[in-house]
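J.: For reference, the chains in residue letters:
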Amino acid sequence: MGLKASIEAAAKAAVLTDPADLQGLVTLGELLRQLSTDAASEGAPEIATRSADAAELSERIILRQVADVEAAFRSLVGAVGACEQWSDRSEAPPREPADPELLAAWIASCEGTIPELEHLAVTAESEVEQGKGFQGETAAEIRRRIHTLKGECGVLSLSEAQALCHELESLIDSGDGRFPIDATLALCDWMRSLTHRLAQDACASEPDPAPVRRAIEARHGTAAQQASAATPPAAETVVETASERGAEHGADPFADLASIPPDARVAMNLENVDENTGDFALEAREHLANAENAVLSLEANPSDTEQVNVVFRAFHTIKGVAGFLNLPRIVEVAHAAEFLLDKVRSNKIALSAHVLELVLASSDLLGQLIGMLSGGEAPKERELKILVRRLEAACEGRALAGPGGATAPTPARRATAEPSTGPAIGPAADPAPTPALPSGDSASTAPTAAASEAKQTATAKAMTAKADQSVKVSTQRMDSLVNLVGELVIAQLMVVQDPVVSKIHDQRLSRNLAHLGKIVRDLQETSMSLRMVTLKATFQKMARLVRDVAAKAGKRIQLEVEGEDVELDRNVVEEIGDPLVHMIRNACDHGIEPADERRKSGKDETGTLRLRAFHSGGSIVIEVEDDGRGLGRERILRKCLEKGLIDPTRNLAEIPDSEVFNYIFLPGFSTAEKVTDISGRGVGMDVVRRNIEALRGSVEIRSTPGKGSTFSMRLPLTMAIIDGMVVRVGSQRYIVPTLNIERSFRPTPDQLTMVLQKGELVRVRDGLLPIYRLQRIFSLADGAQQLGEGLLLVLEHGKRRACVFVDEILGQQQVVIKNLGDSQPQIRGVSGGAILGDGRVALIVDVGGLLETAAGAQTPTSTTPN
Amino acid sequence: MAITDRTTTNAAASNAPSHDSRGANENKFLSFCLGTEHYGVEILRVREIIGLLAITPLPQTPSYVKGVMNLRGRIIPVIDLRLRFGLSAAEATKETCIIVLESSDADGSQTVMGAVVDSVREVQDIAKGAIEPPPEFGCEIPLKYILGMGKVKDKVIVLLDIAEVIGVRERAQIAGAIKENAAAERRAA
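Line by line, the protein sequences are chains G and X. In case it helps, our numbering puts the first sequence at residues 1 to 866. In case it helps, our numbering puts the second sequence at residues 1001 to 1189.
Derived from the structure by calculation, the hints contain no laboratory data. Predicted, not measured: the structure shown is a model, and the values here were computed from it. Misleading hints may appear alongside valid ones.
[Unchecked claim] Using 25 Å as the maximum straight-line C-alpha spacing, the simulated BS3-like pairs for lysine-lysine come out as follows:
| # | chain 1 | residue 1 | chain 2 | residue 2 |
| --- | --- | --- | --- | --- |
| 1 | G | Lys503 | G | Lys518 |
| 2 | X | Lys1028 | G | Lys643 |
| 3 | G | Lys518 | G | Lys818 |
| 4 | X | Lys1066 | X | Lys1179 |
| 5 | G | Lys385 | G | Lys343 |
| 6 | X | Lys1028 | X | Lys1151 |
| 7 | X | Lys1151 | G | Lys818 |
| 8 | G | Lys707 | G | Lys552 |
| 9 | G | Lys818 | X | Lys1128 |
| 10 | G | Lys518 | G | Lys472 |
| 11 | X | Lys1179 | X | Lys1028 |
| 12 | G | Lys12 | X | Lys1151 |
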């Protein structure tokens, strides 16, 4: 490595490292050693010594052998800077002007070559246009000229010119029969400008090569796109309009697609994927979600023109941006869908179930195509072509069925009539430009339809107004902001609790510190609220899920949603997605009976699934309620006996419902007679419970045979903060959530009793409570021995109540709950850790677990409410 | 050969902080002492070296798990390498420090754990060719933790396989031990 390059590398590394970055420091040390060697061999002894010293210093910093890490690091960076300065002083001399005679001769010859090159390029272009193909001779001639030019530039040390010529040569060499005219002409322009500059000043710098480069890049990119008449259609083709397809008759409208191999996947040029494409993907998915919701709403209410617009706009926007980003396959599908929707909204085509189905299929396919941008699997080429064909056909009023179930919308979906609350809809037979929206039936309901339409537009407007007031932020940034605020809280506590500071009795200082504390607390609350999102998106996903699952199971199920505006921590919302899906699938598959069974039991043929979210006592509750057949208590008990989960001698009738229902949470437990591909494999419920418990939540089941079941998830409001009492046992501190503390007191000897030499009890107002010593439970070495020397905390959790013995109560504060190590196993009685003001870790007591363990209870895997 | 296989799988599984320096640091090892023995770990697995600080003990964990500590706002577990390897415990001295290690497993889970050692020595280059398989016997620590024996100048140091020392198998062992301890306590109660 040259000396200059070494210095640059070291300087860059120094900028990118900080004292806490061990890997960075190791690299920096290595670069410094390298620099020292280079400097020594290139006769720069001062740089050599300085960098060798710096390398050694970096090693000492790594091994923490320096007293003040920050200061050492600063002097390390300083040393690198000094090396830079030394080398700057002896800069490499500017480019030598070429021999003036040589230069003049070259300029003169260029003035001839450049026009000739342009002429050749233009000739080549017109030859191609005239269908003569590209004459090999002309291409070879052009290439020869450029090659010569490249050599000449090299002799004159015109490096940029040389590079450009080389790149153009490669482009021509890679030619697929199409000559890069634009790039050649761009180069010619550029060379002209270069020769002008050099003619005026022999030492002039070369002009900006960017325009030429752009032309070359563009050539690379569009090479595959250009479908010239002479060349056979490439894999990526331009969208063909419906009119070209127009006259396709025959038994199988897709017969001509048989030439596409059945397993061929869609190809997409992913060379230019960058952060713009990432943003596009995110937004496109949002648009698709909006479109899907609009479709669902249109199924219920087909006369809602605003929803049609929503769908149209979604595809239109996606098409536009995809075009801009050069993603032709996405453009192809989006265009076909948009075209169809445009016809619908201008009333040229009726909105039918078929159209809606196609729209959903397009949305799915686009979703897959967009997924390819982040490495997802490509859909099948045939699928894409078939869908586009069907969309085009629909534009002409023809409803083409997908060939034998090869495409996404299955016949089943159409066959099961969704409970239509609007007038019947059907494909329009006549694509005449009269409003083909369903008339007739709707005449009588017109006023109400119009009214609800108006209301829907109004709410749509209100919603967009609200939506406009939000900002998109990268989740990474937000998380790091929240973490920083958390650390700020701790840092502020450390200042306030510093022994030196707390000794200062200064009014102004106290006031300022209090003010600081308040601001920090407010900041913390606000930052925690940044992580809150509503359940709306999740519930909307469920709407689609219910529709699909119901269709697949051949049942009629309607979904009612309540409380989608309830807010939860973003992470929690993400985590409950899967459990909700499981529960809904189960409800649809096993809970709700098929239509005829329902009829026989006098129920409405359409089953109802209610998804509800609401606040209750400091937690959020999310419920999935169905009016199906309820949990089969007998079946569950039978399964339990089969698997040996219940002691067969127990009286089955005496086992409470809550216990029976809890058994379904065991892994592998399923009473489903047959395993459908929706559920029945017995995998679902244990995953559900595990996910929810990981969120410090709980699940509860209520069910009445014949009437239905309700699955209730209870989740803590915020993931991260609890209010706790800091207590001391021996030299260790623990945090007990104040939620579980009833009160505390110092016991007097007359309140204490001993049972069978083992259990200690204390008499309180309403009876006797057991005493558990934290020292013993946590196996601590030290702690007060005499009960009278410490305090008793009366703790409660669920139905359990007991006293816990601690040495001292140190205070009350809010703490940020942190996991103990990334995936630390569950330690009974401990729910996490918190970092106190002095930077030390205090364990947070899990009161429920503690009381359970201490009582030595032997319950099977039961879930206890938080 | 077994050793090269493991080193390549380790390199493949390694998910050290995405840093351009990774390539440069591949053959470097950090050497440290446990008692009179010298050991080494790949520098790529070392997040930080810090002096001994307050460790909060965790109940029900095996004796070599010293507890947890605060690493810049993150709580990580800390183990005592001497006890882990079955050596006798030692008094902490001025030189005692904690090496913060990290390891990624094939299932994508990442572990960050601190290990208490008697002292750290230096960072050295050890080419793959200079690493030899461990002897069949005579090693104080179980073979599965050993990557190989590295020759540095005139010393031979035992190179540790961090994925084994703190990886998913290790965590499973700790989890199992915690369960056992908890069960034992319940029986005694």
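J.: It remains to establish, for every hint, whether it holds in the given structure.
T.: Taking the hints in turn, this is what the structure says about them:
no.	hint	result
1	Lys503(G) <-> Lys518(G)	holds (21 Å)
2	Lys1028(X) <-> Lys643(G)	violated (54 Å)
3	Lys518(G) <-> Lys818(G)	holds (23 Å)
4	Lys1066(X) <-> Lys1179(X)	holds (17 Å)
5	Lys385(G) <-> Lys343(G)	holds (21 Å)
6	Lys1028(X) <-> Lys1151(X)	holds (13 Å)
7	Lys1151(X) <-> Lys818(G)	violated (42 Å)
8	Lys707(G) <-> Lys552(G)	holds (23 Å)
9	Lys818(G) <-> Lys1128(X)	violated (40 Å)
10	Lys518(G) <-> Lys472(G)	violated (28 Å)
11	Lys1179(X) <-> Lys1028(X)	violated (38 Å)
12	Lys12(G) <-> Lys1151(X)	violated (33 Å)
Of the numbered hints stated above, those contradicted by the structure are hints 2, 7, 9, 10, 11, 12, listed in ascending order.
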